[in-house]
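Using the sequences and the accompanying hints, generate a full structural model.
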Amino acid sequence: SAVISQKPSRDICQRGTSLTIQCQVDSQVTMMFWYRQQPGQSLTLIATANQGSEATYESGFVIDKFPISRPNLTFSTLTVSNMSPEDSSIYLCSCDRDGGYTFGSGTRLTVV
Amino acid sequence: GENVEQHPSTLSVQEGDSAVIKCTYSDSASNYFPWYKQELGKGPQLIIDIRSNVGEKKDQRIAVTLNKTAKHFSLHITETQPEDSAVYFCAASRADAGKSTFGDGTTLTVKP
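So the protein lines, in turn, are chains A and B. Be aware that the first sequence starts at 1, since it is given in our numbering, and climbs by one per residue. Be aware that the second sequence starts at 1, since it is given in our numbering, and climbs by one per residue.
FYI, nobody ran anything at the bench for these hints, they're computed from the structure. Glycine residues also receive a C-beta, built at the ideal position from the N, C-alpha and C atoms. A hint or two may mislead.
Said to hold, decoys possible - The following label-pair restraints were derived from C-beta to C-beta distances:
(1) A:Ser-53 with B:Gln-45: 43 to 53 Å
(2) B:Ser-28 with A:Gly-16: 43 to 53 Å
(3) A:Gly-40 with B:Glu-83: 18 to 28 Å
Stated by the list, open to error - Here are the computed lysine-lysine pairs in the BS3-like style, where the Cα-Cα straight-line distance is at most 30 Å:
(4) A:Lys-7 with B:Lys-42
(5) A:Lys-7 with B:Lys-99
(6) A:Lys-65 with B:Lys-99
Unchecked claim - Listing some non-contacts, in silico: residues in chain B with all C-beta distances to chain A over 12 Å:
(7) Glu-15
(8) Asp-27
(9) Glu-83
(10) Gly-105
What follows is the structure in structure tokens.
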């Protein structure tokens, strides 16, 4: 399966600012996925990112709040915009390689 | 859309005993069922998966069973060890859709 490098691993941000999270995959993958995991809870899909097209967002998530870039088949970024304390969560990227889903190690975001 | 229910939410076993976690899904089109282990501060790690054309799959102390008719699948861990303590998530997806729907997680504690 693929290896994903995700950064930053954690950050503390002021409300109203934005944070961009990066994921680098060690091989080319068609689809990448961005998830949010609130403390003690399960994973919720934010959006699916395909190279060369706009990301597909799940219900409850919008592009203005969570813009995503997918410039090539090994890289993607998720930006959390105009942050509020409710955005404090763990954000994870994932991809499917050879039939197995791999996750990055996550970005633990705290908004103060 | 897909809905995945996972039980129990917490499970405590004695070292050496077996642990079983069960999940049900709603979308009969789902055909890929992975299980993830998430340790504190880390991203989910794929530990075993099963596809809908198979009824059971085993990998050393871990096994997964799938009942397509009843739409449920289970994770079995035998001879549990303290290092098996973690949160376990089941998921369901359609291989052509890529994205997964996750269960709420089971916190497994193995007591030495």
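Checked hints:
no., hint, result
1, A:Ser-53 with B:Gln-45: 43 to 53 Å, "violated (29 Å)"
2, B:Ser-28 with A:Gly-16: 43 to 53 Å, "holds (45 Å)"
3, A:Gly-40 with B:Glu-83: 18 to 28 Å, "holds (21 Å)"
4, A:Lys-7 with B:Lys-42, "holds (13 Å)"
5, A:Lys-7 with B:Lys-99, "holds (22 Å)"
6, A:Lys-65 with B:Lys-99, "holds (21 Å)"
7, Glu-15, "holds (25 Å)"
8, Asp-27, "holds (14 Å)"
9, Glu-83, "holds (18 Å)"
10, Gly-105, "violated (5 Å)"
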